[in-house]
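J.: On the provided structure of chain A, position chain B as indicated by the hints.
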Amino acid sequence: AQSVTQLDSHVSVSEGTPVLLRCNYSSSYSPSLFWYVQHPNKGLQLLLKYTSAATLVKGINGFEAEFKKSETSFHLTKPSAHMSDAAEYFCVVNSGGGADGLTFGKGTHLIIQP
Amino acid sequence: NAGVTQTPKFRVLKTGQSMTLLCAQDMNHEYMYWYRQDPGMGLRLIHYSVGEGTTAKGEVPDGYNVSRLKKQNFLLGLESAAPSQTSVYFCASSYTGQGTEAFFGQGTRLTVV
Numbered sequence: 001a002q003s004v005t006q007l008d009s010h011v012s013v014s015e016g017t018p019v020l021l022r023c024n025y026s027s028s029y030s031p032s033l034f035w036y037v038q039h040p041n042k043g044l045q046l047l048l049k050y051t052s053a054a055t056l057v058k059g060i061n062g063f064e065a066e067f068k069k070s071e072t073s074f075h076l077t078k079p080s081a082h083m084s085d086a087a088e089y090f091c092v093v094n095s096g097g098g099a100d101g102l103t104f105g106k107g108t109h110l111i112i113q114p
Numbered sequence: 115n116a117g118v119t120q121t122p123k124f125r126v127l128k129t130g131q132s133m134t135l136l137c138a139q140d141m142n143h144e145y146m147y148w149y150r151q152d153p154g155m156g157l158r159l160i161h162y163s164v165g166e167g168t169t170a171k172g173e174v175p176d177g178y179n180v181s182r183l184k185k186q187n188f189l190l191g192l193e194s195a196a197p198s199q200t201s202v203y204f205c206a207s208s209y210t211g212q213g214t215e216a217f218f219g220q221g222t223r224l225t226v227v
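Residue numbers (my numbering), protein chains in the order written: chain A, 1 to 114; chain B, 115 to 227.
The hints are all genuine.
Simulated crosslink set (BS3-like; lysine-lysine; CA at most 27 Å straight-line):
| # | chain 1 | residue 1 | chain 2 | residue 2 |
| --- | --- | --- | --- | --- |
| 1 | A | Lys42 | B | Lys128 |
| 2 | A | Lys68 | A | Lys58 |
| 3 | B | Lys185 | A | Lys42 |
| 4 | A | Lys58 | A | Lys42 |
| 5 | B | Lys171 | A | Lys42 |
| 6 | A | Lys106 | A | Lys69 |
| 7 | B | Lys128 | B | Lys171 |
| 8 | B | Lys184 | B | Lys171 |
| 9 | A | Lys106 | A | Lys68 |
| 10 | A | Lys58 | A | Lys69 |
| 11 | B | Lys185 | A | Lys49 |
| 12 | B | Lys184 | B | Lys123 |
| 13 | A | Lys106 | B | Lys171 |
| 14 | A | Lys49 | A | Lys68 |
| 15 | A | Lys49 | A | Lys69 |
| 16 | A | Lys106 | A | Lys58 |
| 17 | A | Lys42 | A | Lys106 |
| 18 | A | Lys49 | A | Lys106 |
| 19 | B | Lys171 | A | Lys49 |
| 20 | B | Lys185 | B | Lys171 |
| 21 | B | Lys171 | B | Lys123 |
| 22 | A | Lys106 | B | Lys123 |
| 23 | B | Lys123 | A | Lys42 |
| 24 | B | Lys185 | B | Lys123 |
Just so you have them, the derived chain B footprint on chain A, three or more residues with Cβ under 8 Å:
| # | region |
| --- | --- |
| 25 | 42 to 50 |
| 26 | 103 to 112 |
Honestly, the hints are just simulated from the structure, not real lab data. C-beta: ideal position from N, C-alpha, C; glycine also.
Isolated chain B (complex conformation):
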């Protein structure tokens, strides 16, 4: 069982470059999330999706876009990377929105120089 898989695991970008992070889950979960983790801040929600074709903003959505064209995939895009977006990004999925735990990928460490 692969669970939640994130690609890539590491990336270095120059300011202004764009990139897409891919998250794939094989558990048939409806809900998917993108978080960023910064020291002393815990995990903060960027965007989430409650089903195929739907997306919504979380706590810190600025500078990011997402798409959920297929149920199993949730893409996070950075159109013009900034040093403030240097972080570790985690994707997660859950069966429903309440009461069920979320399953996390291994993270993507992104550095913007």
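Next up, chain A with everything else stripped away, as it sits in the complex:
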């Protein structure tokens, strides 16, 4: 079985300040982990993924995430927020195919203050 917990339902930061979106996971197997972004009324776009290679993963638009097995965490960060980063972010775990293929967190709504 696998599960994902996104620790904050809403995060608000000022433009130009760092962003931290927190994600903890549980998995019976070595997981693959993903962050997706969803802009209003849009589909989901892949930001980055971890698949057992480097633990620090760089993604698009300046985002990165660090896989920490000891803490079962996969937090998403960005050094400097931009207004265009305002969106819903989903942490996703994948431990295998079938019904356990993709398990989504409930999402974190990122608000960027001018």
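T.: Just chain B now, kept in the frame of chain A:
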């Protein structure tokens, strides 16, 4: 590259009506999924398919049926729509079940009145 295409994009149904949502992918992916997205719930898996001719139930399958007669298409049916099925529906596909990311369609916003 079209990727994953969902039709229709919007639909309003009356309670008890039926409809079919179509998902088409042009990436030769084996795995296809149907999710529903509700506020504060993230995405929940309805049904999935690991290959042509196969389907299986996900987390919230009740009230829905699916078919995968062709590898590139995955259909989601509502036989008798209920207001609880008002949601945004997303189709996704992936090359395999593990380690590879899923590609998503743009979503279908369904309202049942």
